[in-house]
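Asker: In order, the protein sequences belong to chains H and Z.
Oh and the first sequence: position 296 is 612 in the working numbering, straight run, nothing missing.
Oh and the second sequence: position 56 is 167 in the working numbering, straight run, nothing missing.
If you're looking for bench data, these hints aren't it; they were derived computationally from the structure.
Honestly, I wouldn't trust all of these hints.
As the list claims (entries may be wrong) - Distance ranges between label pairs, derived from CB positions:
#1 H:799 / Z:122: 54 to 60 Å
#2 H:691 / Z:137: 53 to 59 Å
#3 H:655 / Z:125: 56 to 62 Å
#4 Z:180 / H:704: 44 to 50 Å
Said to hold, decoys possible - If you want a taste of the chain H side facing chain Z, the calculated C-beta under 10 Å gives, among others:
#5 323
#6 327
#7 330
#8 336
#9 361
#10 729
#11 786
#12 793
#13 965
#14 968
These numbers come from a predicted model, not from an experiment.
Just so you know, even glycine gets a beta-carbon here, dropped at the ideal spot from N, CA and C.
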Amino acid sequence: MAGLGRACLLIALAVCAYGIWASLYGVRRARPEFSASGRRCVYALAGVLTVAFAVLEVAFLSNDFAFNTVADTSSRTTPTFYRAAAVWSSQEGSLLLWAWLLSLWSSLALFLTRKRMRDVASYATAVLLGLAGFFISLMIFYATPFATTRPRPMEGAGLDPLLRFPTMMIHPPMLYSGYTLCTIPLAFGVGALLARRVDADWIKVVRRFAFAAWLFLGLGILLGARWSYAELGWGGYWGWDAVENASLMPWLTGTAFLHSLMIQEKRGMLKVWNVSLVLATGTLAIMGTFLVRSGVLNSIHAFGGATLGVPFVTLIGVLIGGSIYLVVSRRDVLRSEHRIDSLLSRESIFIANNLVLVALCFVIFWGTYFPLISEALNGREASVGPPWFDRYTVPLALVLVLLSGIGPVIAWRRATLANARRNFSVPLGVALLTLVALLAAGVTQKPFAIAMFCCAGFVLGSIGQEFVRGAAARRAMAGEPAPVALLSLVRRNRRRYGGYIVHLGMAVLFVGVAASSSFQHANELGLSPGQSTRVGSYTVRYLRPTATITPKYDRAHTGSTLSLGAILDVSRHGRHVATLQPSEGFYASPGGQGSVSSLIGGQPVSHISMDAGITRDVWSAIAPNIEAPSLQRIVMAGNSKLGPEEGIVAIALLAREYLRHPPQAQFHLIVSPLVMWIWIGGLIVLGGGLIAVWPSPSAVRRRVAVRVRSRAERDLVRA
Amino acid sequence: MSVLVAVLIVVLVAAVVIVVSAPLRASRVRARVSRHDDLEAERDAKYREIRDAELDYRTGKLSREDYEAIDGELRAEAIQILDRIEAEER
Chain H
317 MAGLGRACLL IALAVCAYGI WASLYGVRRA RPEFSASGRR CVYALAGVLT
367 VAFAVLEVAF LSNDFAFNTV ADTSSRTTPT FYRAAAVWSS QEGSLLLWAW
417 LLSLWSSLAL FLTRKRMRDV ASYATAVLLG LAGFFISLMI FYATPFATTR
467 PRPMEGAGLD PLLRFPTMMI HPPMLYSGYT LCTIPLAFGV GALLARRVDA
517 DWIKVVRRFA FAAWLFLGLG ILLGARWSYA ELGWGGYWGW DAVENASLMP
567 WLTGTAFLHS LMIQEKRGML KVWNVSLVLA TGTLAIMGTF LVRSGVLNSI
617 HAFGGATLGV PFVTLIGVLI GGSIYLVVSR RDVLRSEHRI DSLLSRESIF
667 IANNLVLVAL CFVIFWGTYF PLISEALNGR EASVGPPWFD RYTVPLALVL
717 VLLSGIGPVI AWRRATLANA RRNFSVPLGV ALLTLVALLA AGVTQKPFAI
767 AMFCCAGFVL GSIGQEFVRG AAARRAMAGE PAPVALLSLV RRNRRRYGGY
817 IVHLGMAVLF VGVAASSSFQ HANELGLSPG QSTRVGSYTV RYLRPTATIT
867 PKYDRAHTGS TLSLGAILDV SRHGRHVATL QPSEGFYASP GGQGSVSSLI
917 GGQPVSHISM DAGITRDVWS AIAPNIEAPS LQRIVMAGNS KLGPEEGIVA
967 IALLAREYLR HPPQAQFHLI VSPLVMWIWI GGLIVLGGGL IAVWPSPSAV
1017 RRRVAVRVRS RAERDLVRA
Chain Z
112 MSVLVAVLIV VLVAAVVIVV SAPLRASRVR ARVSRHDDLE AERDAKYREI
162 RDAELDYRTG KLSREDYEAI DGELRAEAIQ ILDRIEAEER
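Use the sequences and the hints to build the structure in full.
Answerer: See below:
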């Protein structure tokens, strides 16, 4: 079936080439049938790439090791669940996933806009097909997912154990959906500039896709953070890693765009800024992909080879150069229709919010690419760590959260003293109450965390007030009971109130981040059974070791051959709180020297155990000392004396020895307050985002339209 | 390459050609439809802006003078769009 996959890629490239020509010919020569044919190329591309993706997926699920990518990233011992996800663990497979998702989202976008802005959409089609063509070319000329080896290997290397976690099944598709969705506003932005239709219409067309991109990217980032926290052995959820940062940058500029587009819609302002943000977001999304694929920067996530560096740099150069040329050459049609009336207005707050977001993006960009910058300037590769990022991002995040509370309540055009007093009393009151409560509880250190809690209180007050006032206004207009009025309010103004819920969720999320990073207690030490230690106000006692053998009995269901761990008792003030069972999995290494090493010689992976709660998480990881002489004697004896099929006997002996005479193990223990609120905040953001992005039922829209139309006509008659 | 794969490739190419060439084989797409849909979308967006302004006023984010000015402006724009839709429909 590899032949079918390769043919799919060639057909897809031909479809892209024809589609670009047809779209441009259609729009330049006013031949809509060619534009329609170009759009259908995107649909056809989605179909062809779906077949290609299915071919690869079947190869993984059926252990067809004739496919190089299957042999490199899967094995018979890899659980089926993870074999399905292993497709995108390889560079080739993830390029295919990128192109496939791009074709699917592009098809949806072009289908939904098929009757609108046809000139802009035709250019956008050409851009989207151009991007798809780029990725397909990479798969044909640089990294093909359908390369095969004969004779077919009997076994594969297996999926990287670090990736054998449920969140890893969905994290990459979410992130890639975000990246690929970012290119849709980019394509329409380029189309609007080429067609010189840069009024608010194109923004209205792409708004929903920009929001969807933001949502998917945010979800991908959150899942990545969750994976890092709940699966990796270092105990954090964000490490300012280059690949993490690469996904955060387009999310930040996308957030800025979602706010500034409202000013263009309402006031006809910020046209240059908006189109620049869209182009920057799309380009940053491509750069994010480039960072993962090129291997140009060190990252725990990056797994690409250096082979893709030149094509990506060329594409990014074309995107940046083309964007600058288009914006400069269209400056005559990008003039603002109005000016800002007052610095104390919603417009000004939105602009301030945009500046903070872009400043955050710039700081992260500088820190992420600093190794490259420093190497270019003085020939030495230097990098900056989390403290450098924290120094700049923490104050900016504080301002951002505060602005997210001010924005929803401040007046458009100009705020007067009277409406400022009316709108800010409640939020300021809640912020003040928060401060008093914190001081009363004895929280007097960590000023940034206290400031964040107060800002979050301010946001809670302002959003709560908006819902109460909106529901009251709805009751006054429609005479509905309060709960119905609240629901109708949200249903009829999804974008606005969904957005407010997102603000609330972000404030909650930042409370979790501030609390967990400022008031965390951590301890790294060696313990033997019976010994205990203190972490914050908790006592952790190592009760006894655990050991399981063969992938079938791996408690974490990741397919480890041997799993060594511990049972820990957690108590507080003498009362039992939780029992934790951290372990470390040892995986098969087909190339390992000897029958035992081939079974457990792969990269060991920590399986953390935690007691998560609303107020705090108690988190634990173990690194058992498998190098202990008593265990190594068994490994060496097994390697030298046992045949390939008998290695498991030595593993069983090793497990028994570990249970009988456990060597001292290294533990990493953390007590973090309010971590749970990061995930709750993320879910609130997701819920708000879904409300905001969800389309209104057409029947409702029609009914509303008829009513407002009659009012508009009635007022015209009065005038 | 097996016969099955060859047949699948031929079927795929045929399907692509059929999908992509359909608009070229059909009569020319009417540009008028596109304009009408653009106007309807514009009208719906304008109605939303009118509702938004009213909600802003009622929740204290627009002064009465600003609201009346904006509302009048938006309604006048809505009427213009309705007129253009009617002209398209005639």
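Asker: It remains to establish, for every hint, whether it holds in the given structure.
Answerer: Cross-check of the supplied hints:
1. H:799 / Z:122: 54 to 60 Å: holds, 56 Å
2. H:691 / Z:137: 53 to 59 Å: holds, 57 Å
3. H:655 / Z:125: 56 to 62 Å: holds, 58 Å
4. Z:180 / H:704: 44 to 50 Å: 49 Å Cβ-Cβ, so the 44 to 50 Å window holds.
5. 323: holds, 5 Å
6. 327: Hint holds; residue 327 of chain H Cβ to chain Z Cβ min 6 Å, cut 10 Å.
7. 330: Holds, about 8 Å.
8. 336: Violated: closest Cβ of chain Z sits about 13 Å from residue 336 of chain H, beyond 10 Å.
9. 361: Interface hint status for residue 361 of chain H: holds (9 Å vs cutoff 10 Å).
10. 729: holds, 5 Å
11. 786: Check passed: Cβ of residue 786 of chain H comes within 6 Å of chain Z, closer than 10 Å.
12. 793: Hint holds; residue 793 of chain H Cβ to chain Z Cβ min 8 Å, cut 10 Å.
13. 965: violated, 43 Å
14. 968: Cβ of residue 968 of chain H sits 45 Å from chain Z, so the hint is violated.
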